[in-house]
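Protein sequences, first through last, are from chains Y and C.
Converting from the first sequence to the numbering used here requires adding 311 to each position, the first position being numbered 1.
Converting from the second sequence to the numbering used here requires adding 14 to each position, the first position being numbered 1.
The hints are simulated quantities; they were obtained by calculation from the structure and are not laboratory data.
Nothing here was measured: the structure is a model prediction, and the numbers come from that model.
All C-beta atoms in this analysis are idealised placements derived from N, C-alpha and C, irrespective of residue type, glycine included.
Errors might be hidden in some of the hints.
As the list claims (entries may be wrong) - A few chain C residues that face chain Y, going by a derived Cβ cut-off under 10 Å, partial list only:
1) S293
2) S297
3) Y334
4) Q352
5) F357
6) S396
7) K398
Unchecked claim - Here are some chain C residues pointing at chain Y (derived, C-beta under 10 Å):
8) T119
9) A243
10) L246
11) G310
12) S341
13) G344
14) S425
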Amino acid sequence: MKRTTVVLLTLILVLSVFAFYGCPKSADVSSAPESQPQVDDAAKAAAEKQAAEDAAAKAAADAAAAKAAEEEAAAKERAAKEAAGLKTIYFDFDKSFVRDDAKAVMKANAAWLKANPKAKIRIEGNCDERGTIEYNQALGQRRAASAKKYLTDLGVSGNRISLISYGKEKPVCQESTEDCWQQNRRADLVAAE
Amino acid sequence: MLLFVSSSAAQYDLGVIKGEARKIPIVVIDLFNDTGAPGLRALALDVLQADLRRSQIFDVMDPKKLDLAYGGQDDPPADVIKRGGTFGLSGVAWARLSRKGGDITLSGRLYDAVSGMRLTSKEYYGNEEMVRRMVHAFADEIVSQYTGEKGVAKTRIACVSDKTGHKELYVMDYDGQNLRKLTADRSISMSPAWSPDGRVLAYVSYRDRNPDLYGLDMESGRRWKISGAAGLNISPAWAPNGKRLAVALSKDGGAEIYTMTMDGNDLERLTYGIADNVSPSWSPNGREIAFTSGRGGSPQLYIMGVDGTDARRITFEGSYNASPHWSPRGDRIVFVSQVKGLFKVATINPDGSDFRVLTNGPGNDENPMWSPSGRQIVFSSSRKGKTGIYIMNPDGTELERITPNDANYTSPSWSP
Numbered sequence: 312m313k314r315t316t317v318v319l320l321t322l323i324l325v326l327s328v329f330a331f332y333g334c335p336k337s338a339d340v341s342s343a344p345e346s347q348p349q350v351d352d353a354a355k356a357a358a359e360k361q362a363a364e365d366a367a368a369k370a371a372a373d374a375a376a377a378k379a380a381e382e383e384a385a386a387k388e389r390a391a392k393e394a395a396g397l398k399t400i401y402f403d404f405d406k407s408f409v410r411d412d413a414k415a416v417m418k419a420n421a422a423w424l425k426a427n428p429k430a431k432i433r434i435e436g437n438c439d440e441r442g443t444i445e446y447n448q449a450l451g452q453r454r455a456a457s458a459k460k461y462l463t464d465l466g467v468s469g470n471r472i473s474l475i476s477y478g479k480e481k482p483v484c485q486e487s488t489e490d491c492w493q494q495n496r497r498a499d500l501v502a503a504e
Numbered sequence: 015m016l017l018f019v020s021s022s023a024a025q026y027d028l029g030v031i032k033g034e035a036r037k038i039p040i041v042v043i044d045l046f047n048d049t050g051a052p053g054l055r056a057l058a059l060d061v062l063q064a065d066l067r068r069s070q071i072f073d074v075m076d077p078k079k080l081d082l083a084y085g086g087q088d089d090p091p092a093d094v095i096k097r098g099g100t101f102g103l104s105g106v107a108w109a110r111l112s113r114k115g116g117d118i119t120l121s122g123r124l125y126d127a128v129s130g131m132r133l134t135s136k137e138y139y140g141n142e143e144m145v146r147r148m149v150h151a152f153a154d155e156i157v158s159q160y161t162g163e164k165g166v167a168k169t170r171i172a173c174v175s176d177k178t179g180h181k182e183l184y185v186m187d188y189d190g191q192n193l194r195k196l197t198a199d200r201s202i203s204m205s206p207a208w209s210p211d212g213r214v215l216a217y218v219s220y221r222d223r224n225p226d227l228y229g230l231d232m233e234s235g236r237r238w239k240i241s242g243a244a245g246l247n248i249s250p251a252w253a254p255n256g257k258r259l260a261v262a263l264s265k266d267g268g269a270e271i272y273t274m275t276m277d278g279n280d281l282e283r284l285t286y287g288i289a290d291n292v293s294p295s296w297s298p299n300g301r302e303i304a305f306t307s308g309r310g311g312s313p314q315l316y317i318m319g320v321d322g323t324d325a326r327r328i329t330f331e332g333s334y335n336a337s338p339h340w341s342p343r344g345d346r347i348v349f350v351s352q353v354k355g356l357f358k359v360a361t362i363n364p365d366g367s368d369f370r371v372l373t374n375g376p377g378n379d380e381n382p383m384w385s386p387s388g389r390q391i392v393f394s395s396s397r398k399g400k401t402g403i404y405i406m407n408p409d410g411t412e413l414e415r416i417t418p419n420d421a422n423y424t425s426p427s428w429s430p
């Protein structure tokens, strides 16, 4: 359906271009007032359609570029995090307590922070796609705060740690499966500048 | 609750035409286009009929099926109108578009089909780009003639879209047309909320790397930070008098509900829960606030006084009920409820009785909200393709998607 529209539009554009340039030069000078508006309108409409399509294509390209840039930034952040030896922990649905399987990870994160006493970190709380935007923002905040409390209980100074919740806005996995949801219910520990 | 200012509705109750008994049968007999722009007639006619249908007041009949024809350029004569009356119609609408240079005039007429009497005669002025808005205004005039209520055809819906790759704030007409981008923050925006006078949009943005609350003046374009406390500054809701905002802040630990002025001053804390409290919505009389709280172990709806006292739980069915919005008449609350793993739109009485799930099928529904007339519900849904914005009746019928499938559209907020 879309394809035929595009083909049709292209055809109209090509035809109207012919209509323009097919005219001898003298026609331009004498300018036929009767037929000109029609050609003009068709050409204009086609040009506008084309412009709209170009704009749409550009917007899509911009969106793709923005997405690519974002992904690159995220990848860099991940790389920096890995280099820093900070590791993500994962949570149960609608829960913010540090699970048993996350405790060893948090102890390693605390050890890294103690070994690098000047480093500051930001804990980013995230959720899976289920539930409302606003409730997930609160849940993400609770997860980040819970991770922070675990570190301060292990003796890391609280003023080295800042918190942010992205709710369900920054999933690392896009599918609606339990495996994917688990990857998204997380707190990322990021070295802060 | 219809307040009929015209006797014509009573005539319909005598019932000649079968169908939806509560609706007023009306016909748009013609729209005479004297502008020389050939597309305008179909456009204006479509918009007018769609507006009347969406108002939920009217049963919009097809003049051709009733064998009612009038193609004249002057106001239709009484015998033509009364012929409609003999078919059981209550109202006959007619309009003419005319042009003077670049200026377009829409002349709208509404007649009582039984007596042939003219009920309203209005002229709307603008240009070709404004024809939709002029027709919306005429549709609202017709609604107001029969109900004494303000129609919704001139209202707008604010939302969030990721068209550019970032979640920016947008605004469109209530039928999804004339989409306009409001922000260029290249960050994440969410949760727009119109002030009751329609002048200010409060919303949340991560542009300063924290979820902060902003105000955007829709007339001047001025923008300011309402609240930028550490942690969450989210889910704004205006008091019905427009003087205060209820919001959720996490500056004291978990998310708690506060009220403040639109400059972020005069902070008052309402909840002291051990779990999250978000998504406040004021009762229309301004005395109570519905909200989502996890205090009972799962997210559920609660209501409290505006001073934070007398909090009580109103939802007991299901494991996840959230995002309440109080109807303009105060009689129902719309929210989302998790049903068999998916989030669906539901309504309930403020006393917790009469829990009804309105939507079904695939995908998740989110952020439901009443139209200012209370005759429609808007929400976002991932039921088909990308997430889009849908409107429907308060009983879940007449579902209509108003956004295209080119991007995701979320967080709808219906203007006053």
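Verification of the supplied hints:
1. S293: Since the shortest Cβ distance to chain Y is 5 Å, the answer is holds.
2. S297: At 19 Å from the nearest chain Y Cβ, S297/C fails the 10 Å test, so the hint is violated.
3. Y334: Status holds, d = 6 Å.
4. Q352: Hint holds; Q352/C Cβ to chain Y Cβ min 8 Å, cut 10 Å.
5. F357: 7 Å, holds
6. S396: 9 Å, holds
7. K398: 14 Å, violated
8. T119: With Cβ-Cβ at 24 Å, over 10 Å, it is violated.
9. A243: It is violated, given that the least Cβ distance between A243/C and chain Y is near 12 Å, above 10 Å.
10. L246: 5 Å, holds
11. G310: At about 12 Å, which exceeds the 10 Å cut-off, the nearest Cβ of chain Y leaves the hint on G310/C violated.
12. S341: Where the cut-off is 10 Å and the nearest Cβ of chain Y is about 19 Å from S341/C, the hint is violated.
13. G344: 22 Å, violated
14. S425: 7 Å, holds
The structure shown violates the earlier hints numbered 2, 7, 8, 9, 11, 12, 13.
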